[in-house]
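Peer 1: Taken in sequence, the protein lines are chains A and B.
If you're matching positions, the first sequence starts at 0 in numbering that gives the first Met the number 0 and goes up one per residue.
If you're matching positions, the second sequence starts at 0 in numbering that gives the first Met the number 0 and goes up one per residue.
Source of the hints: derived by calculation from the structure; they are not laboratory data.
Do not take every clue at face value.
[To be verified] Among chain A residues calculated to face chain B with C-beta under 8 angstroms, some are: (1) I45; (2) Y58; (3) D96; (4) A114; (5) L146; (6) T150; (7) A152; (8) G155; (9) V186; (10) K195; (11) W197.
Note that CB positions come from ideal geometry on N, CA and C, so glycine has one too.
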Amino acid sequence: MIKRGITVFALALLLAVPSAFAADGAAIVKPCGSCHKLAGPAVKTIAEVKARKAPDLFYAGSKFNKDWLVGFLQNPTVIRPAGTVYSNNIKTTGDTDTVAAPAKCASKLSAGDAAAAADYLMTLKDAKMKTGVAKIGEFSKAKAKMLIIKTEACNGCHSIEGNGGLSCPTWEGIGKRLNPDWVYSFVQDPQYWDPKVWMGKRDLDDASMQLVVNYIASLK
Amino acid sequence: MKTIVISKFSAAMFAAALFLAAGMVGSASAETAADNYSLYCVQCHGTAGTGKGINAPYLAVAPRNHSDAKAMGELSDANVALAITEGGSAVGKSTQMPAWKHNLTAAEIKDIVAHLRKMCKCTGAAK
Numbered sequence: 000m001i002k003r004g005i006t007v008f009a010l011a012l013l014l015a016v017p018s019a020f021a022a023d024g025a026a027i028v029k030p031c032g033s034c035h036k037l038a039g040p041a042v043k044t045i046a047e048v049k050a051r052k053a054p055d056l057f058y059a060g061s062k063f064n065k066d067w068l069v070g071f072l073q074n075p076t077v078i079r080p081a082g083t084v085y086s087n088n089i090k091t092t093g094d095t096d097t098v099a100a101p102a103k104c105a106s107k108l109s110a111g112d113a114a115a116a117a118d119y120l121m122t123l124k125d126a127k128m129k130t131g132v133a134k135i136g137e138f139s140k141a142k143a144k145m146l147i148i149k150t151e152a153c154n155g156c157h158s159i160e161g162n163g164g165l166s167c168p169t170w171e172g173i174g175k176r177l178n179p180d181w182v183y184s185f186v187q188d189p190q191y192w193d194p195k196v197w198m199g200k201r202d203l204d205d206a207s208m209q210l211v212v213n214y215i216a217s218l219k
Numbered sequence: 000m001k002t003i004v005i006s007k008f009s010a011a012m013f014a015a016a017l018f019l020a021a022g023m024v025g026s027a028s029a030e031t032a033a034d035n036y037s038l039y040c041v042q043c044h045g046t047a048g049t050g051k052g053i054n055a056p057y058l059a060v061a062p063r064n065h066s067d068a069k070a071m072g073e074l075s076d077a078n079v080a081l082a083i084t085e086g087g088s089a090v091g092k093s094t095q096m097p098a099w100k101h102n103l104t105a106a107e108i109k110d111i112v113a114h115l116r117k118m119c120k121c122t123g124a125a126k
């Protein structure tokens, strides 16, 4: 009797805690955890990186623009041409590597559910990320491309305006996807977000960083 | 007097121990050269190490063929380590070879140099 009473009480508590609205978004996103990591910290070894099925979402609220999320969750597009971890999607013929079939995101939410899920994902923020650092406005596109293509060769791995490597996210539509402050933080220190990410940290001053974030924000 | 000296010493020891512990937690763990190569280098240099990775068709300069005994033999170990640490521009080569000093520790880079020597079955030029 006492046991049953406790169980009922615990159940009642469990149901009472989350507000109806938060429960919606959180409940919709919970099953996404079968592929995506929904709580930090990021993994720290190459073996764990290679076991990764999908990108981490535990800082989604710092990384994405909400409008983009709402659209993507209803109808996902390919972002990483060689999949989440490129080395798991290679076909080698002779000594030449090509991309096998990368997995797309499996999300297929209705418009209503996508909005609720995006609201919830936007609450998953990294408390330490500085905001207000990216100053989006007028910039020299020629200078930006000089830095990005010639000096830093970002196109070695990223497809930029339709041309570049396949091992990581395309920059097609990247300005719609990403929060410029997060882009600033990620390019300054990719290992802060993902210790084993296969992109090097650069030593770029603020003026160069503003060119990078402005150029990226302009690719809509 | 003596006790003060001892406590100062032990405080320093404690600080050093903390520092070491923090370093170990904060930094990513060391990996084998083969694992590092497979994640960081294969994207351009390819699974076979011959320069035919999935990004290679989009590069203006072909990635070095790491199994080429002649080309790799002309590079000293110090040159190879510098190219990996600081990127192609540090050794007068293309900026499309990135710098890896923030991804790999000096010890890991040393292991990779040895790994590359196995791939080319060659020894490095003296200088």
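Peer 1: Next, verify each hint and record whether it holds.
Peer 2: Each hint tested on the structure:
At about 5 angstroms, the closest approach between the beta carbon of I45/A and any beta carbon in chain B falls short of 8 angstroms, and the interface hint on this residue holds. Annotation: Y58/A was flagged as interfacial toward chain B, and the flag is violated, the nearest CB pair being 18 angstroms apart, outside 8 angstroms. Here the hint on D96/A is kept, as its CB sits about 5 angstroms from the closest CB of chain B, short of 8 angstroms. The beta carbon of A114/A is not positioned within 8 angstroms of any beta carbon in chain B (closest approach about 36 angstroms), and the interface hint is therefore violated.
Below 8 angstroms, beta-carbon pairs count as interface contacts, and L146/A has none with chain B, the closest being about 11 angstroms; its hint is therefore violated. Look at T150/A: its Cβ gets to within about 6 angstroms of chain B, closer than 8 angstroms, so that hint holds up. Given the 8 angstroms rule on beta carbons, the hint for A152/A holds: about 5 angstroms separates it from the nearest Cβ of chain B. Satisfaction of the interface hint for G155/A is found here, the shortest Cβ-Cβ separation to chain B being roughly 5 angstroms, below the 8 angstroms cut-off.
Interface hint at V186/A: violated, since its Cβ lies 12 angstroms from the closest Cβ of chain B, which is beyond the 8 angstroms cut-off. Given hint, K195/A at the interface with chain B, holds; its Cβ is 6 angstroms from that chain's nearest Cβ, closer than 8 angstroms. Residue-level restraint check for W197/A holds (minimum Cβ-Cβ distance to chain B is 5 angstroms; threshold 8 angstroms).
When the structure is compared with the earlier hints, violations turn up for hints 2, 4, 5 and 9 and for no others.
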